[in-house]
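Build the full structure now, drawing on both the sequences and the hints.
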Amino acid sequence: MILFEDEHLLAVHKPSGINTHKPDSYAPEGMFEWLRRRHGPLSVIHRLDKETSGVLLFGKNRQANQSLSRQFESRQVSKEYLLLSAQRPRRQRFVARSADAETEFEFLQPHGSAFLVRARPLTGKTHQIRRHAADNGFPILGDTRYGGPPAPRLMLHAHRLRIEHPQTKTPLTLEASVPASFVTGDALTAAREFRELIFDEDTNAFRLLSDAADGFAGLIVDSYAGRLLAQWQTESVNAALYERLDGPIYEQICTRQKRTVPRCVRGEAESRFAVRENGLTFLVGFGEGLSTGLFMDQRENRWRLLQMDLRGKTLLNTFAYTCAFSVAAAKSGALTTSVDLSRHYLDWGRENFRANGLAADEHEFLVGDVLDWFRRFAGRGRRWDAVILDPPTFSTTKQGRSFQADRDYGKLAAAAASLVAAGGWLFCSTNHRALRADRFEKVVRDAVAQSGREVREMEFATTPWDFRVTEGEAPYLKTLWLRLD
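Residue numbers (the numbering used here): 266 to 750.
None of these hints come from the bench; they were simulated from the model. All of these numbers come straight from a predicted model, not from anything done at the bench. Please note that a few of the clues may not be correct.
What the hints assert, rightly or not - In the DSSO-like style, the derived pairs of lysine-lysine whose C-alpha atoms are separated by at most 27 Å in a straight line are: (1) 287 to 315; (2) 596 to 676; (3) 390 to 315; (4) 325 to 390; (5) 390 to 287; (6) 707 to 287; (7) 676 to 578; (8) 315 to 325; (9) 578 to 523; (10) 676 to 707.
Stated by the list, open to error - Have a look at the derived ranges for each label pair, beta carbon to beta carbon: (11) 271 to 511: 34 to 40 Å; (12) 374 to 607: 57 to 63 Å; (13) 288 to 531: 39 to 45 Å; (14) 538 to 335: 52 to 58 Å; (15) 434 to 598: 42 to 48 Å; (16) 442 to 499: 35 to 41 Å.
Every residue, glycine too, gets a C-beta built ideally from N, C-alpha and C.
Here's what the structure looks like:
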C-alpha cells in the first residue's frame, strides 16, 4: 500500500472502495483516519473518489502541506489516470471541456472486450474525468452513475502523480501499479486485489468475499491462513465457485432458519491451527461449534489495544470468548481478567496466551455470568483501567436469564461503567444490526450518566475494511471507546 514515505510526504495506493476520509461520524474509517493512527499527523492534500483506486498523497508537516497545496492550486502537478470503457473514443487524442473543467484524453489500445484510455485532468473538479468520459460517448466501466455498464468496480485508476518534492525541490514521480482487475475484469480478482493492498504478512485471517458488496450476493468467504470458510446465506450452494478458490474449503449454511457446523468439502479437515492478526497468534478451529474462535470484525479494535502502553494497567474483558482482547492487552503490558460463561472457551483463551509467549497463570480467568460477576466486583470495590463490553446480541444463561442487546445493553453498560477507574476506558460494542449507531451511542451515554460517571472523550469505530457493505448499507458493528472521568 505504501508507495513513498519520508518525513515530509506519505503516498499510498488507495484501493477502490475506500473513502479518502470518512464522510460522517458513524462511517468506516477513510484512508486519512486509518493512516493517521499508524503514521502520525497527516494533512489531506487532494482527494480520490471512493471507487477510484491509485496514488493518494498526504502531507506530514506545514512546509510540505503549503508546498503541495500550492502545486495543486497552480496546476503544477501532473496527474495521469487510466480507465476502461466498453466504447472506443471517437478521437485518438483530445481535450474535453466544460464550464469549469478540462481533461485530456488519449486512446491507448483495445483491452480485451474493452478499451484502455489515458486521462490527464488539467483541472481538479469533482468527478470531472467520469463526467467528461460520459459526455464524450465512452462512459467508464462500472460507473453506473454516469451511464457506464456494470462492472465489479469502477474501472478508473490514478496511475501516476508527478510533483516537486517540497523539501529537495527535485521532481518526484509516484506510481500505483495497474490493478489486476483491469486485466481480468472479474469480481473475484477485484476482491483479492483489495485485500492484497490492505494486509501484509502480519495478518492472514480476513474476509475475502463480503456478500453483495464484493459481487457475490448470498455468500461470505473468510480466509484463515489459507483455509477458506464459505458461509452461504441460502441452502442452495453453488459449488462450482470453489474451482476458482485456492486451498482447503469448509462449508457452512447460515440462513435465518438454519446454521450448520462447518464441514470440510475440499482438503483434509484439521483441528485447531494458528492464524496471524497484526503480529499476534490466535488458534482457530472449524469443528468446535458454530464459530471459529476468532471474531475477525474486531481486528482493528484489538490493534488499538496493541498500540496502547498498558504497562502497570489492568483490563477486564467480559464475554471474553477465547480471550482475543485479553491477549492484545496483555501483549501491551496489561494484567487482564477474562470472564465468560464457558470454561471451554476460557481454556482456549489460555492457549492463545501461551501461543503468544504470555504467561496465562499471571492473568485471571473467571467462569460465570457477567452480571453476577459485576455485582461481586462492585461489592469488593474492584476497578479496572479498561473494561471491554462486547456481549452477544442474544444469549441465555444456564439459569434461564436472557439478554437482548436492544433491551438490556444499557443496564449492562451502566454496571460496567461503575467498574472503570478514574481516567480509564470503557469499550462498548454490539453487532446487533437493528440497533442504529446513533441510538446505540445514546443508550451507552445514558448508561454512563446513570452510573454517575461522565464521558471525557469518545471515539466511534465500526467494521474493518474487508467487511465491506453495499452502497447505502450501514455496517452492523458499532463500537464506542469512552474515556471516563
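Results for each hint:
{"no.": "1", "hint": "287 to 315", "verdict": "10 Å, holds"}
{"no.": "2", "hint": "596 to 676", "verdict": "31 Å, violated"}
{"no.": "3", "hint": "390 to 315", "verdict": "15 Å, holds"}
{"no.": "4", "hint": "325 to 390", "verdict": "24 Å, holds"}
{"no.": "5", "hint": "390 to 287", "verdict": "20 Å, holds"}
{"no.": "6", "hint": "707 to 287", "verdict": "21 Å, holds"}
{"no.": "7", "hint": "676 to 578", "verdict": "26 Å, holds"}
{"no.": "8", "hint": "315 to 325", "verdict": "22 Å, holds"}
{"no.": "9", "hint": "578 to 523", "verdict": "43 Å, violated"}
{"no.": "10", "hint": "676 to 707", "verdict": "13 Å, holds"}
{"no.": "11", "hint": "271 to 511: 34 to 40 Å", "verdict": "37 Å, holds"}
{"no.": "12", "hint": "374 to 607: 57 to 63 Å", "verdict": "60 Å, holds"}
{"no.": "13", "hint": "288 to 531: 39 to 45 Å", "verdict": "40 Å, holds"}
{"no.": "14", "hint": "538 to 335: 52 to 58 Å", "verdict": "54 Å, holds"}
{"no.": "15", "hint": "434 to 598: 42 to 48 Å", "verdict": "44 Å, holds"}
{"no.": "16", "hint": "442 to 499: 35 to 41 Å", "verdict": "37 Å, holds"}
Checked against the numbered hints above, the structure breaks hints 2 and 9 and satisfies the rest.
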